[in-house]
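Please model the complete structure; the sequences and the hints are all you need to start from.
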Amino acid sequence: MKFVIQRVNHAEVKVDGETVGKIGKGFLVLIGVGREDTKEDADWYLKKLLGLRIFEDENGKTNLSLADVNGELLLVSQFTLYANCRKGNRPSFIEAGAPDEANRLYEYIISEAKKQVSVVEHGIFGADMKVSLENDGPFTVIFDEHLKG
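FYI, this note's numbering numbers position 82 of the sequence shown as 82, with every residue one higher than the one before it.
Careful: at least some of the hints might be erroneous.
[Unchecked claim] Keeping only pairs whose Cα atoms sit at most 30 angstroms apart, straight-line, the calculated DSSO-like set for lysine-lysine is:
no., residue 1, residue 2
1, K115, K39
2, K115, K25
3, K114, K61
4, K61, K25
5, K87, K115
6, K114, K48
Source of the hints: derived by calculation from the structure; they are not laboratory data.
Below you can see the structure in the form of structure tokens.
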């Protein structure tokens, strides 16, 4: 599993020109699901995400979590996080999860996040999405399988 987490002032995802998800201050999270990923992996990544302290406190130190700032989540599936570019110039996606299983885990992450965060918006799995954001910082953090190692 891979999460690309961007601390944002606002973010939005559109499909066919229509807004399907929009947030204010919070995290835009691009989510890639790998072939071997499980619900247990999703739970671990979500717990780590929700505990991540990258918002500034009153002293300007990155010491506050999403909950501490009443932040919002925008979760967007992105299988291209599994692009393998080691050989040639055309990426291979063989390490990405099968679409049905990846969508199941993506939907699971959304439903679990909604149990803990008051505003959770999301994109549409497999759709051609247009994502816009104002990255605050910019501050971007990557969670991947090396994080758990």
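Against which earlier hints does the structure fall short, listed by number upward?
-> When the structure is compared with the hints, only number 5 turns out to be violated.
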